[in-house]
Amino acid sequence: MGRPRRRWSEAELERWIGGLLRWGVVTAAAVAGCGALLFVAHHGSMPADFRTFHRVPAGLDSVHGVAAGARALDSLALVQLGLLLLLATPIARVALSLVGFALQRDRTYVAITAIVLALLLYSLLGPGV
Amino acid sequence: MSVQEMMVLEALGSVAAGLLGALTGLGGGIVIVPMLTLLFHVDIRYAIGASLVSVIATSSGAAAAYVREGFTNVRVGMLLEVATTLGAILGAFIAGLVSTSVIATIFGVILLFSAYRAIRPPAEHVTNAPPDRLAARLRLNGSYPTPNGERRYTVRNVPAGFGLMGVAGTLSGLLGIGSGVVKVLAMDQAMGLPFKVSTTTSNFMIGVTAAASAGVYLHRGYIQPVIAVPVMLGVLAGALSGARILTGARTRHLRMIFNVVLIVIALEMLYKGVTGGI
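If you read the protein sequences in the order shown, they are chains A and B. Everything in the first sequence is counted per numbering that gives the first Met the number 0, starting at 0 for the first residue and increasing by one. Everything in the second sequence is counted per numbering that gives the first Met the number 0, starting at 0 for the first residue and increasing by one.
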């Protein structure tokens, strides 16, 4: 085997996870905030009525639709993109934990983390995907 | 009221909720749904969607600071996340089946329970129980830093904790809250984890749990960006500034005020739920 290879220490991984969480939240808040300002500038004086429930318009209710709307710089799609980035942050954290357990050769926890990740992706991408 | 007026007022209310939640340690997420439904007369489905989003933001923001301190038990958190994410997806589906009055009523009961736990916190205990076989096999036992060095602890009742976590996840998905109270109950009371380990591990799990149900809410068209964005930004700003001024702040009176607020809104949610006003 020779000299032991340098492995990711747990402390290093925790630093990565901490940074990921922080930057994920900051980026999400910035994108959603920009979208909100854009929305208020164009439609701010519309009357507010959210007493009765209507599904949000198609295009704001799926990853695919939000990505398309955000490319066209639609203000509400940008807000929704920010919210999706926020949703993706804990998912990315679980993915990073999966890498960490794999590097530690901890098979049990690789399997457990993979189940959590699969459930999260199923929920985010939808049963249709 | 115009949309922009509503967004500004909502953001201000959310800053207050985030600030109070951080200062009292009770989390601000639990008052967001009552604020939106009772004060702004927003449909409870939009309110739950917005609340979930704010819960992910505060949990991730706080976890970034906590992971390093060495209290979080990552293995316990990940194992129990299987239960909470399954529960969260189930809860989000149940939310689509039952009437909004039922949701409001359950919400009122959980608010009352949270206030009760805040007034009478469980006693700190020392675990002398023999180590659990399953916990040892899953390598859940750990240690945490104390002023007198690292202190080891063992974990027990893994299946009971797992089951309670499923309930916590279902409530989170049904009501759009972090369910930190039930999560701590499962880890601290059932599994015998030290209190500080329970609370930080619970916070570590809340974002993942909320993300699991938020996906389902997104596809069902419950995440209304106009309502969700002021709440998310407001709660985040409030929680972060609350965490800054926390050191040295005396929170006894604040906690008492917050508990009274919790009880009042719990009764109003119950009343509206039972009479069909929501």
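Simulated from the structure, these hints should not be mistaken for laboratory data. Beta carbons are placed, not taken as given, at the ideal position from N, Cα and C, and that holds for glycine. Misleading hints may appear alongside valid ones.
Unchecked claim - Facing chain A, according to a computed beta carbon distance under 10 angstroms, are these residues of chain B, among others: (1) Met0; (2) Leu37; (3) Val52; (4) Ala61; (5) Thr71.
To be verified - A short list of chain A residues far from chain B (calculated; beta carbon distances all over 10 angstroms): (6) Ala28; (7) Arg54; (8) Ala67; (9) Ala71; (10) Leu72; (11) Leu75; (12) Leu85; (13) Ala101; (14) Arg104; (15) Thr112.
Against the structure, the hints come out as follows:
The criterion of a C-beta within 10 angstroms of any C-beta in chain A is met by Met0 of chain B, whose closest approach is roughly 5 angstroms, and the hint holds. The beta carbon of Leu37 of chain B is not positioned within 10 angstroms of any beta carbon in chain A (closest approach about 13 angstroms), and the interface hint is therefore violated. At about 6 angstroms, the closest approach between the beta carbon of Val52 of chain B and any beta carbon in chain A falls short of 10 angstroms, and the interface hint on this residue holds. Residue-level restraint check for Ala61 of chain B holds (minimum Cβ-Cβ distance to chain A is 9 angstroms; threshold 10 angstroms).
Proximity of Thr71 of chain B to chain A holds as hinted, the smallest CB-CB distance being about 9 angstroms (cut-off 10 angstroms). A Cβ of chain B approaches the Cβ of Ala28 of chain A within 10 angstroms, the least distance being about 6 angstroms, so the stated non-interface status is violated. For Arg54 of chain A, the condition that its CB be more than 10 angstroms from all CB atoms of chain B is violated, with the nearest at approximately 3 angstroms. The claim that Ala67 of chain A is not at the interface with chain B holds, since no C-beta of that chain comes within 10 angstroms of its own (minimum 15 angstroms).
The beta carbon of Ala71 of chain A sits about 15 angstroms from the closest Cβ of chain B, which is more than 10 angstroms, so the claim that it is off the interface holds. Against the 10 angstroms criterion, Leu72 of chain A stays outside the reach of chain B, whose nearest CB is about 14 angstroms from its own CB. With a closest Cβ-Cβ approach of about 5 angstroms to chain B, Leu75 of chain A is found to fall inside the 10 angstroms limit, against its non-interface label. The beta carbon of Leu85 of chain A sits about 5 angstroms from the closest Cβ of chain B, which is not more than 10 angstroms, so the claim that it is off the interface is violated.
Distance check on Ala101 of chain A: its Cβ is at least 13 angstroms (rounded) from any Cβ of chain B, clearing the 10 angstroms threshold; non-interface status holds. For Arg104 of chain A, the requirement that its beta carbon stay farther than 10 angstroms from each beta carbon of chain B is met, with the minimum near 13 angstroms. Chain B draws Thr112 of chain A into its interface by the beta-carbon criterion, the shortest separation being 6 angstroms against a cut-off of 10 angstroms.
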